[in-house]
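*Asks:* Spelled out from the first residue to the last, the chains are:
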Amino acid sequence: MNVSSDWPQEVFSVLIAQGIDLVAHVPDAGHTALIRLAEEHSAVDVITLTTEEEGVGLLCGAWAGGRKGVLLIQSSGVGNCINALALPVICRAPFFTIVSMRGEWGEFIPWQVPMGLGTPKVLGAMDVEVFRVSEKQRVAETVSAAGSFAFNTRRSAAVLLSQQMLGAKQFKEG
Amino acid sequence: MFERRTLVTHLLRQRPDNALTVSSLGSPTWDIASTGDNPLHFSFIGTMGQAAPFALGLAIAQPNKRVVLFAGDGELLMSLGILATIANQAPGNLAIVSLDNESYGETGGQPTATAGPTDLEAVAKGCGFSQTCTANSEKDLDAVCDQIWTVKGPAFINLKIVAGPSPLVFPYSFDGATAMNRFRDAVNNSGRT
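So the protein lines, in turn, are chains A and B.
Taking this note's numbering, the leading residue of the first sequence gets 12, the next gets one more, and so forth.
Taking this note's numbering, the leading residue of the second sequence gets 345, the next gets one more, and so forth.
The following block holds chain A by itself, in its conformation from the complex (with noise of 0.2 Å):
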């Protein structure tokens, strides 16, 4: 039994802590708490996007304007970002994302591998700070370490939260 299961909870506090009250995100099954706790807080907004790129100039914005804001996205995402990530770079604005990770521990799709093995290079190349997490005991502290990086010292940062924690997903025929 893992006595700190509810790691979507405490990541959650987390945000609130910092000032983020703005959650935009392509839906991912390693967030769908998280999404969750976000949509039933009244002082956060919640933005789906149609796709990940959109969350980089949209939490830039937002930042502009005062709010603070994190994108919650899938591995295969983070290559949809690739170019907008100069953006938070070029202006040095703070950029913070949360990424669940596909394609590694587990995986059973091949067709996830590639981008998931290459979303720690992608995001190094565009001058990301990668945190990565493996136990769900030190989720918590890992959100908030790369939050108060990113916003503190208007950076971009990511968590990755491996697979190997989150569960491969499981798929059966029939």
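Incorrect hints may have been included.
[Said to hold, decoys possible] Interface residues of chain A toward chain B, partial, derived using beta-carbon atoms under 10 Å: (1) Leu60; (2) Thr61; (3) Gly72; (4) Gly80; (5) Leu98; (6) Ala104.
[Claimed, not checked] So these bits of chain A aren't anywhere near chain B, every CB distance computed over 10 Å: (7) Val25; (8) Glu50; (9) Ala54; (10) Ile120; (11) Phe142; (12) Lys180; (13) Glu184.
[As the list claims (entries may be wrong)] Under the rule of at most 27 Å between Cα atoms (straight-line distance), these lysine-lysine pairs were calculated in the BS3-like manner: (14) B:Lys409 with A:Lys79; (15) B:Lys483 with B:Lys496; (16) B:Lys496 with A:Lys79; (17) B:Lys504 with B:Lys469; (18) B:Lys496 with B:Lys409; (19) A:Lys180 with A:Lys132.
Don't read these hints as lab results, they were simulated from the structure.
Everything numeric in this text was worked out from a predicted model, so none of it was measured.
C-beta atoms are modelled at their ideal positions from N, C-alpha and C, and glycine is treated no differently.
Start from chain A and add chain B according to the hints.
*Replies:* Same frame as chain A, but now just chain B:
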């Protein structure tokens, strides 16, 4: 068809003092710069496709101020999905002005999809924008200004303009951090960032 510089100059003359404006890379940014410098304007000079998401975030963060995006047809075509995102958020303070010359003006004037069967107003309307229009002549200008600066949005104003080069006029700074710091300070009325 409108001449872009004359048109933009006319539109910005009606601008409320506290309105926030954004322009997409290329000609829209040079157009706005040609009307003079304003700390409440943010110019994109890159990251094509990101101007509309930025304007949405700004409109959500500043709900009591009018936010108007001036974007080219090529810019808007690169991220059509954001029109659906905007319509679903339905910020009443946001207007998008499409400066549609049906061509990629910065790269040699190659035709865009709007030179063919694609209709950006119809796309915006189909995505769920509550206010949309297309205009190409002087007689529509009063109604156009009303849509841009006053009516409850989200509004999408498609303006058909003549293709062809205009003189380059550079904005406040090509350095994003310099431009962003001034814009953010002006928007939030604070010296601290």
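*Asks:* Now tell me if each hint is right for this structure.
*Replies:* Results for each hint:
no., hint, result
1, Leu60, "holds, 6 Å"
2, Thr61, "holds, 3 Å"
3, Gly72, "holds, 3 Å"
4, Gly80, "holds, 8 Å"
5, Leu98, "holds, 5 Å"
6, Ala104, "holds, 6 Å"
7, Val25, "holds, 21 Å"
8, Glu50, "holds, 14 Å"
9, Ala54, "holds, 13 Å"
10, Ile120, "holds, 24 Å"
11, Phe142, "holds, 23 Å"
12, Lys180, "holds, 25 Å"
13, Glu184, "holds, 32 Å"
14, B:Lys409 with A:Lys79, "holds, 18 Å"
15, B:Lys483 with B:Lys496, "holds, 22 Å"
16, B:Lys496 with A:Lys79, "holds, 25 Å"
17, B:Lys504 with B:Lys469, "holds, 17 Å"
18, B:Lys496 with B:Lys409, "holds, 12 Å"
19, A:Lys180 with A:Lys132, "holds, 23 Å"
Taken one by one, the earlier hints all hold for this structure without exception.
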